[in-house]
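Protein chains in written order, with this note's numbering: chain F, 1 to 76; chain D, 1 to 202.
It should be emphasised that the hints constitute simulated quantities derived from the structure, not laboratory data.
Please read all numbers here as calculations on a predicted model, not as lab measurements.
Heads up, a few of these hints could be off.
[Claimed, not checked] In silico contact screen, one side only, chain F against chain D (beta carbon under 8 Å); selected entries: (1) M1; (2) G6; (3) E7; (4) A11; (5) P18; (6) V25; (7) R29; (8) R30; (9) A39; (10) V52; (11) P71; (12) A74.
Quick reminder that beta carbons are idealized off the backbone N, C-alpha and C, glycines included.
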Amino acid sequence: MKPGHGEVLIAEGDVELPQDEQRLVAEFRRQLDEGLWAAVPLAHEDGHREAVMVRSFTEIPRDAERVIFFPRAAGG
Amino acid sequence: MVLALSVSALVALALLSDILAPRVSELWARHRARRRIVSQPVLDPGRERRAEQTARELLRSCVGEEDWAMYRELGFIRVWGSQATARSGGVEYAYLIYPHRPIIAYAPQTGRLIGEYCVEFPDDTRPYGSSRLPDSDDVLAKWMALTGDERGLLGTANMHMPGRQVDAAQVARDLWRLSRWEQARMRGIAATLDASSQQPRA
Numbered sequence: 001m002k003p004g005h006g007e008v009l010i011a012e013g014d015v016e017l018p019q020d021e022q023r024l025v026a027e028f029r030r031q032l033d034e035g036l037w038a039a040v041p042l043a044h045e046d047g048h049r050e051a052v053m054v055r056s057f058t059e060i061p062r063d064a065e066r067v068i069f070f071p072r073a074a075g076g
Numbered sequence: 001m002v003l004a005l006s007v008s009a010l011v012a013l014a015l016l017s018d019i020l021a022p023r024v025s026e027l028w029a030r031h032r033a034r035r036r037i038v039s040q041p042v043l044d045p046g047r048e049r050r051a052e053q054t055a056r057e058l059l060r061s062c063v064g065e066e067d068w069a070m071y072r073e074l075g076f077i078r079v080w081g082s083q084a085t086a087r088s089g090g091v092e093y094a095y096l097i098y099p100h101r102p103i104i105a106y107a108p109q110t111g112r113l114i115g116e117y118c119v120e121f122p123d124d125t126r127p128y129g130s131s132r133l134p135d136s137d138d139v140l141a142k143w144m145a146l147t148g149d150e151r152g153l154l155g156t157a158n159m160h161m162p163g164r165q166v167d168a169a170q171v172a173r174d175l176w177r178l179s180r181w182e183q184a185r186m187r188g189i190a191a192t193l194d195a196s197s198q199q200p201r202a
């Protein structure tokens, strides 16, 4: 998420492919190093929706379709 | 005689230079500043609108159809609190998420307002001169942080008494609108089920 832009695609790939996975891991780390938060939106079979906050690449569910990065929260 | 006048002039010039030099320097700097071409960001009035459109699509894909319809029609999303107690037998509190306004905590059974959680998601890189996310991205960021790490988000937020930034009467009206909206939605679902059950079977 970016001000003035909305959603921006940062990287995409298949985690089952080693080259893609390395690239995705590197990009994931870069985003977190820049201070962003990462979340994975989930849709359960009963229709319930929620997000999971992830702090490392291994926390991302293997079947996750996407990870959304957004600025850290601050007290307003 | 000429020599004496020249020396006097030089001394006077030297003394005046202390006074005049900063002023001359300032005038020269102003002159250069006026001539300098300042590169300004290209004004694109459609950028914010396009960004919001993109953000709305992302929000819709994450929160699901019901919450999306709630946001589209009412302007906010309700998120249930994760802490249920045995005493209530259900959810004791819920939140209303508005774009770029505090998160409102309230008791669903009574409609009593509990507090305002003031939180924002500033992008310090200010890629387009603004640190504000599009409205729908702000709602999505709050939704993800609330459903993913409720305690963490509330720990970051500044909590205030109800009515500090968001008019309590307006929130009460929004809760009334929400209940009406949910009733209408339930009636619509019931009517659809009823109609499908009455269809003749082949």
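Please write out, lowest number first, the hints stated earlier that are contradicted by the structure.
4, 5, 6, 7, 8
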